[in-house]
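J.: Sequence:
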Amino acid sequence: MAKARFRKTIIAVHRDVGYFFAGLTVLYAISGVAVNHVEDWNPNYTVTHTERSVGNLSAVEDSLLGAEVLRRMGIEETPKAAVRMSEKEFRVFLEDRTLHVAMPSGHVVDELVSRRSGFFHVNYLHLNHAKGLWTWFADIYAIGLLALALTGIFIITGKKGLGGRGRWLLIAGTAIPLVFLLLKT
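For the sequence shown, our numbering begins at 6 and goes up steadily by one.
Just so you know, the hints here were simulated from the structure itself, not pulled from any lab data. A couple of the hints might just be wrong.
Below 20 Å or equal to it, Euclidean Cα-Cα: the simulated EDC-like pairs (lysine to aspartate or glutamate) are [to be verified]:
hint, residue 1, residue 2
1, Lys85, Asp45
2, Lys85, Glu100
3, Lys13, Glu44
Label pairs and their calculated CB-CB ranges [said to hold, decoys possible]:
hint, residue 1, residue 2, range
4, Phe25, Lys85, 21 to 29 Å
5, Leu138, Lys189, 46 to 54 Å
6, Gly23, Phe98, 41 to 49 Å
7, Leu130, Gly23, 47 to 55 Å
8, Leu138, Ile160, 19 to 27 Å
Because the structure is a prediction, the values reported are computed rather than measured. Every residue, glycine too, gets a C-beta built ideally from N, C-alpha and C.
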């Protein structure tokens, strides 16, 4: 009787915790794959480059160069900064973009940075940039995942559970990260 009640409790906990955290698990899984491949792409931002020419700038004084480039491009935004990087490069920093100006030719590479729709916000949560109350919820989520793992181990009994195939899957799934850590550290 006690064994049946314990088993019922494990199944109920696994089911309810699983339902509660299913949405966040899907979001974290997507974010996890995205940030795992940060060397291949920027999961938070898209960066686009467009090129154009504003004409020769050799006659423009350095102190007026930023304003002149913006005027010739028809941009009315006030720059955060306008800096001569070298004899051949001048940069104008705006809110979400940077103008890379070749000197004195006036060839401009306009680099626009924008948030990657969906990914930015999910990664923001997954990487815990929100801090504060989100940290507490993320900790509760981690405990919930632990509860799912521990209850999941005991849901199936017999030769498909820990008494058989389940034991070997549990050992393999635990051994893989341990072996990887031993080889990498």
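J.: The structure should be examined with respect to each hint, and the outcome stated for every one.
T.: Here is what the structure says about each hint:
Only pairs whose Cα atoms come within 20 Å are accepted, and Lys85 paired with Asp45 is rejected, the gap being roughly 30 Å. Using a Cα cut-off of 20 Å, the hinted pair Lys85 and Glu100 holds, with the two alpha carbons roughly 7 Å apart. With a C-alpha separation of about 46 Å, the suggested pairing of Lys13 with Glu44 is violated against the 20 Å cut-off. Take Phe25 and Lys85: their Cβ atoms lie about 44 Å apart, and the range 21 to 29 Å is violated.
Between Leu138 and Lys189 the beta carbon distance is about 35 Å. The supplied range of 46 to 54 Å is therefore violated. Between Gly23 and Phe98 the C-beta distance comes to about 47 Å, which sits within the given range of 41 to 49 Å. Judged by the Cβ atoms, the range 47 to 55 Å given for Leu130 and Gly23 is violated: they are separated by roughly 19 Å. Between Leu138 and Ile160 the Cβ separation comes to about 32 Å, which falls outside the hinted range of 19 to 27 Å.
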